[in-house]
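**Q** Using the hints, position chain B against chain A.
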Amino acid sequence: MANEQEPNIQETEKQEIVETGAERTRSRLAFVPRADIYETNEAIVLVTDMPGVDENSLDITLENDVLTIIGYVESEHPEGYGLAYNEYRVGDYERSFTLSSKVDRNKIEATVKDGVLRLRLPKAEPSMRKIAVAAG
Amino acid sequence: MFGRSFWGQTTPWSEMERLRREVNRLFASSPAVSGTRMAPGYPAINIWANEDGAIVTAELPGLDPEKLDIAVVENTLTLSGERQPLELAEGDVYHRRERGCGKFTRSFQLPFNVETGNVQALYEKGVLRITLPRAEADKPRKIAVKAA
Chain A
48 MANEQEPNIQ ETEKQEIVET GAERTRSRLA FVPRADIYET NEAIVLVTDM
98 PGVDENSLDI TLENDVLTII GYVESEHPEG YGLAYNEYRV GDYERSFTLS
148 SKVDRNKIEA TVKDGVLRLR LPKAEPSMRK IAVAAG
Chain B
5 MFGRSFWGQT TPWSEMERLR REVNRLFASS PAVSGTRMAP GYPAINIWAN
55 EDGAIVTAEL PGLDPEKLDI AVVENTLTLS GERQPLELAE GDVYHRRERG
105 CGKFTRSFQL PFNVETGNVQ ALYEKGVLRI TLPRAEADKP RKIAVKAA
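Line by line, the protein sequences give chains A and B.
Counted the way our numbering counts, the first sequence spans residues 48 to 183.
Counted the way our numbering counts, the second sequence spans residues 5 to 152.
Bound conformation, chain A alone (with noise of 0.2 Å):
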């Protein structure tokens, strides 16, 4: 069992993505954008660090329970500056999860603040119903 109580903030390496199958078209960089997953009573709350991706450059698509989250990330080169030195790459961000069956789709709702994604996908109502015995 992993110790979650001591702080790790010393992992920065990002982890790029390396294709298999289909290929990605826009030719730049792309990562595996890190993720924490809790459940609460009522929903699966997902948060992800993708910072550079704001409301507008973020693509959020779910199909065949298949849900999938792009981040786009433009260059951060300033005008008339050179790269003097260099510890972390820019790209983009793709991360995909397959739901359970228990998700209402229609109600997940997703934010971004500060470069950190949060979708909450509320759990569906039971649809299946305790049925009661009267005795005969």
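Derived from the structure by calculation, the hints contain no laboratory data.
This list has only true hints and no planted wrong ones.
Which bits of chain A does chain B cover? Going by a derived footprint, with three or more residues having C-beta under 8 Å, they are:
#1 133-143
#2 157-163
Just the calculated beta-carbon pair ranges, DEER-fashion:
#3 B:111 <-> A:106: 35 to 45 Å
#4 B:102 <-> A:148: 22 to 32 Å
#5 B:102 <-> A:183: 50 to 60 Å
#6 A:124 <-> B:79: 20 to 30 Å
#7 B:106 <-> A:124: 24 to 34 Å
#8 A:74 <-> B:20: 11 to 21 Å
#9 B:144 <-> A:103: 33 to 43 Å
Quick list of in silico lysine-lysine cross-link-like pairs, DSSO-like style, CA-CA up to 27 Å:
#10 A:177 <-> A:154
#11 A:160 <-> B:71
#12 A:160 <-> A:170
#13 B:107 <-> B:71
#14 B:107 <-> A:160
#15 A:177 <-> A:149
A virtual CB, placed ideally from N, CA and C, is assigned to each residue, including glycine.
**A** Just chain B, lined up with the frame of chain A:
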């Protein structure tokens, strides 16, 4: 057979290329491969420079700007702050936890003294951008050569 790759078919070449990238990734993106240095601490930074100064950028998503401290003394820039964990209610359960949180401090030495009064910091879309102008006294001077 080479022409087929234009139509999206997997060729041995594209498969080799994929393998090459995967191997590069496994070798922790060594500097020789990607040109990027592994950041020794958090956050990772990039430095952009010209003769008038430098711009330091760092990806710090989801940070409360109130909890970020930027200090500049002569040629040293120090970034410190704290990334808060998510606030979970009782009974909430994590399925995945990949985002780091906690306190951080990092210092960098720039190759020039900074005009500390004119430092600007902008935090936008989770990206921090600090503009550090070079001190006037520190700028290189052109020396005119007089003909004898």
